[in-house]
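Colleague: As a plain string of letters, each chain reads:
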Amino acid sequence: METLLIITGALALLSAALPWRRVINAVNLAGYLAYAAVTALLVRSHLAGTDGPATGLFHHDALTLLILIIISVVGFAGALYSAPFIAGEIERHRLSPFKYRKYFALYNLLFFAMTLLVLADNIGVMWVSIEATTLASALMVSFDNRHEAVEAAWRYLLICSIGIAFALFGTVLTYYASSHAGGPESGSLSWRTLLTSAATIDPASMKFAFLFLLLGYGTKAGLVPMARWKPRTYGEAPSPVSAVLAGGLVACSLYTLVRFAVLCGAVLGQATVGRYLVFFGLISVVFSVPLIIAENDVKRIFAYSSIEHVGIIVVGLGFGTFYGIYGALLHILNNAVMKTALFMSAGNLVSATGEKDVRRLSCMIRSTPLITIGFLAAVVAVTAMPPFSLFLSEFNILRGGLQSGGYLAVGVLLVAFLLVFIAFYVKFSQVAFGDECRADARPVARRQQLIPVVLLMPMLMLGFFIPDPLHRLLVEAAGLFGVKP
Amino acid sequence: MSADILLETRLIDLIYVLALAAVLWAVASSGIPSMIRLFGFQSFLLACGTALIARVANEPHLLGAALFTIVFKVFLIPLVLTYVMNRLKIRKEIEDYINIPSSLILCSLLTIVAYAVTLRVIQTRAPFNVAGVFAVALAIMLIGFFIMVNRKKTLTQILGLMFVENGVFLAAVAMTYGMPLLVEFGIFFDVFVATLIMGIMLFKIWDTLSDMDYKENL
Chain W
1 METLLIITGA LALLSAALPW RRVINAVNLA GYLAYAAVTA LLVRSHLAGT DGPATGLFHH
61 DALTLLILII ISVVGFAGAL YSAPFIAGEI ERHRLSPFKY RKYFALYNLL FFAMTLLVLA
121 DNIGVMWVSI EATTLASALM VSFDNRHEAV EAAWRYLLIC SIGIAFALFG TVLTYYASSH
181 AGGPESGSLS WRTLLTSAAT IDPASMKFAF LFLLLGYGTK AGLVPMARWK PRTYGEAPSP
241 VSAVLAGGLV ACSLYTLVRF AVLCGAVLGQ ATVGRYLVFF GLISVVFSVP LIIAENDVKR
301 IFAYSSIEHV GIIVVGLGFG TFYGIYGALL HILNNAVMKT ALFMSAGNLV SATGEKDVRR
361 LSCMIRSTPL ITIGFLAAVV AVTAMPPFSL FLSEFNILRG GLQSGGYLAV GVLLVAFLLV
421 FIAFYVKFSQ VAFGDECRAD ARPVARRQQL IPVVLLMPML MLGFFIPDPL HRLLVEAAGL
481 FGVKP
Chain S
486 MSADILLETR LIDLIYVLAL AAVLWAVASS GIPSMIRLFG FQSFLLACGT ALIARVANEP
546 HLLGAALFTI VFKVFLIPLV LTYVMNRLKI RKEIEDYINI PSSLILCSLL TIVAYAVTLR
606 VIQTRAPFNV AGVFAVALAI MLIGFFIMVN RKKTLTQILG LMFVENGVFL AAVAMTYGMP
666 LLVEFGIFFD VFVATLIMGI MLFKIWDTLS DMDYKENL
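Protein sequences, first through last, are from chains W and S. For the first sequence, the working numbering assigns the number 1 to the initial residue and increments by one for each residue that follows. For the second sequence, the working numbering assigns the number 486 to the initial residue and increments by one for each residue that follows.
Same shape as in the complex, but just chain S:
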């Protein structure tokens, strides 16, 4: 393995650890705007990581996946979510069932679980640390799921789902060098349309609610 490749594999590791940090930060953050930004930031990290893997593993079609990530997850989905947030005037602090410090401890436990599971599932000969990336992916999925369950606001539930999707995407890229490009596009498109439709649903719920108190809890 040349020094050049070694540097890149280190970078990949760094990027994915940052991606994990981003989702943990989202657990700790209390406002929806910052969560949306963190989601965009994490997606950007994933795109960079994907591009690097494309280089290390010599899989040019991954560049397409990186491009889709930038277009859909860094720009379009955060835009849609911000629009929904502004239209519905959701400004209130996020409410959750478990408070933030305990949530963080729980999420660290989830990360440990993810690493423990990984050791049983993954054996690999890839040119970079696949097991590490897989563990991060699984951890992001679990934490995203936790956000969905823990947060009361509907918009944060969508964000939790998006974090789960990011985790799945990361696993796909790291373990199998992504799906074929056509399938990859289908997946991105579906996720994007799902976000749009969820936004529409939120508007509809908003419209059918008359009680202001109830609207506050959306």
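Chain W extracted, bound-state conformation:
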């Protein structure tokens, strides 16, 4: 497990130290391939049951492995996409050539922090690493030093820091709640220990802790009362950064929410925790839909869509039935890959035209066919159309909702899906097939155009069948909530 930390840490150092762009690229790609390979080995040994009991600071269970899979996919795709993108920005004199190394150093620091987050068994270390992700990514958001980007990064940093301060308070309260039973010495920060001793944890302070944790880590994931930073941040950040944040980092933030939902559910009862999750998830969905309809900046539309999907996932977790949780966990995976592809293809569109407003984009299929096909496929996939796997996960969530008797919530979700589908159809069919064709597209690197399309392939495949190892991981992770198929 520590290998993964060593890989990302070494990549950060190498990216900062090596002077040649080509070498930096090669090293990063090799590094993320190695990362994926190590993850695959971990999954294999875990499923074979040969990975032995967890010890020390680190642990991994099915949930960790699920997120590690996401991180390796997003990490590899992101590194592959970032190289031509940043090089292009340098060519257009939007970035100074010296920043190439800095970009990849920050990129790898971000992935180091994300890896530490999912491997850490200690809720204190989890907090430290999630704060570290905020710090690294804030610098990436403001990377090109445009005024709008810097201001967006400032908002992002401030709002997430305050949210994270609340999460720290929640962590302290959790520690207190666990130490309450047998005097301060018996308290623990180990998630595993906390879960096994859930019966002795004081529910009154744990409930208080849960509210702070939900608010705090919910800020980072983008749940509605504290999601105001998302549209600006994703809208103004360089496209590969938006992709990595909306894909990888959101999955990691949801991971912390899942961990604490399991823990608090064990103390307070799954039903109590579920009610809060369904409530916050639903208001996120309900608030994001009209904003999706009203927004015209292509990246901001997707940022609102990210808020919507986080809401859907949290609702699924809140339903508390097997299909709800299974669907939510699958949706974390789908959403991560989809949002990465989506922001990358949106980035291609913006790179090719220099235009962010969907009303001024038209007939793109003529001038930039490959980009537009990738973009359209991503848009169709994100509205959960059947061949894509988002359909499967959302279907499972709805099924879980019916199972739990949350008919109202299911109804709200269905209406939201429908509205978002119509909004996307109206906005983006115009972008692709509109009447006013223009032929002044700027060249975009071939590789940059292909990556979103390639990312969508596995999503298409997952829509038809879920491979057995993934299925077993999902079932085992859902088992943390105490539910079985």
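Among the hints, a few may not be true.
As the list claims (entries may be wrong) - Pairs of lysine-lysine residues, derived as BS3-like cross-links and limited to a Cα-Cα distance of at most 30 angstroms, are as follows:
1) W:LYS427 x W:LYS484
2) S:LYS574 x S:LYS638
3) S:LYS689 x S:LYS638
4) S:LYS637 x W:LYS207
5) W:LYS356 x S:LYS689
6) S:LYS574 x S:LYS689
7) S:LYS689 x W:LYS102
8) W:LYS207 x W:LYS484
9) W:LYS356 x W:LYS102
10) W:LYS484 x S:LYS637
11) W:LYS99 x W:LYS484
12) S:LYS574 x S:LYS637
Claimed, not checked - Distance windows between CB atoms, simulated:
13) W:PRO19 x S:HIS546: 36 to 46 angstroms
14) W:GLY354 x S:LEU503: 54 to 64 angstroms
15) W:LEU408 x S:LEU594: 46 to 56 angstroms
Stated by the list, open to error - Not close to chain S: a few residues of chain W, all C-beta gaps over 10 angstroms, as computed:
16) ALA34
17) LEU41
18) LEU47
19) LYS102
20) GLU131
21) LEU135
22) VAL172
23) ALA294
24) ALA432
25) ILE466
26) GLY479
Honestly, the hints are just simulated from the structure, not real lab data. Remember, predicted model here, so these are calculated numbers, not experimental data. Just so you know, even glycine gets a beta-carbon here, dropped at the ideal spot from N, CA and C.
Given the structure of chain W, go ahead and fit chain S onto it with the hints provided.
Modeller: Same frame as chain W, but now just chain S:
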């Protein structure tokens, strides 16, 4: 409980009430330099309180936390903030949405809320008044949050965030005798780096602004 310990627990209470007074004073103060000094002063109080708790509760690792507080929050963070303030030439009086007298009344209400909540959450057998300290911690957090929301200047928003962090730290020390030292260090380091990066962001915003009027409002 020996007389010696009793004296120390009284001292702890006194120190934390002073810490609460410091943040209220910050609400009432109208200049950024005085707010930075108050933050440093409050952090110093917290360090003293932490050291005392380390003695009363016989938890030597808390001395490490006290040391981190001195290094990071009494010296480094105020230094960074003062540097940022001087570089950006922020001298103007602080502007807020709610005027100072009303703010103070609101903050007293927040303190009462903090005490009311505390009674529902905390039951304890610790050798000192944990419920009191927890209430103070929660009050400091809420007031820090209020400062962030109420003040228009960016630098005061950072200061509000720092007060919130102090409140969390106080709660951690009083209720659980702090986190394990490694985690504690991570937290301090993160908070410090966050301050640095926020400072960098302010410079960047400053650089990208051309309009002097807008700069005045930073």
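Colleague: With the threshold set at 30 angstroms, check whether the alpha-carbon distance from S:LYS689 to W:LYS102 stays at or below it.
Modeller: holds, 16 angstroms
Colleague: Evaluate the condition: distance from the CB of W:LEU41 to the nearest CB of chain S exceeds 10 angstroms.
Modeller: The assertion about W:LEU41 holds, with a minimum of 28 angstroms to chain S.
Colleague: For the pair supplied as a hint, S:LYS637 and W:LYS207, confirm whether the alpha-carbon distance does not exceed 30 angstroms.
Modeller: Not satisfied, since the Cα-Cα distance of roughly 34 angstroms exceeds 30 angstroms.
Colleague: Taking only the CA atoms, is the gap from S:LYS574 to S:LYS689 under or equal to 30 angstroms?
Modeller: Given pair S:LYS574, S:LYS689 holds - Cα atoms ~14 angstroms apart, limit 30 angstroms.
Colleague: So is W:LEU135 really clear of chain S, every C-beta pair being over 10 angstroms apart?
Modeller: For W:LEU135, whose nearest Cβ neighbour in chain S is about 6 angstroms away, the distance does not exceed 10 angstroms, so it is violated.
Colleague: For the pair supplied as a hint, W:LYS356 and S:LYS689, is the alpha-carbon distance within the 30 angstroms limit?
Modeller: holds, 24 angstroms
Colleague: Take a quick look at whether W:LYS207 and W:LYS484 sit within 30 angstroms of each other, Cα to Cα.
Modeller: holds, 26 angstroms
Colleague: Would you mind confirming whether the straight-line C-alpha gap from S:LYS574 to S:LYS638 stays at or under 30 angstroms?
Modeller: holds, 13 angstroms
Colleague: Determine whether the Cβ-Cβ distance between W:LEU408 and S:LEU594 falls within the hinted range of 46 to 56 angstroms.
Modeller: With Cβ atoms ~36 angstroms apart, the hint is violated.
Colleague: Far enough from chain S: is every CB of that chain over 10 angstroms from the CB of W:ALA34?
Modeller: Since the minimum Cβ distance to chain S is about 27 angstroms, W:ALA34 lies beyond 10 angstroms and the statement holds.
Colleague: S:LYS574 and S:LYS637: Cα distance at most 30 angstroms?
Modeller: Roughly 16 angstroms between the alpha carbons, so the hint for S:LYS574 and S:LYS637 holds.
Colleague: Could you grab the alpha-carbon distance between W:LYS427 and W:LYS484 and see if it respects the 30 angstroms cut-off?
Modeller: At roughly 41 angstroms apart (the allowed maximum being 30 angstroms), W:LYS484 and W:LYS427 break the hint.
In terms of the numbered hints stated before, the structure departs from hints 1, 4, 10, 11, 15, 20, 21 and 22, listed from lowest to highest.
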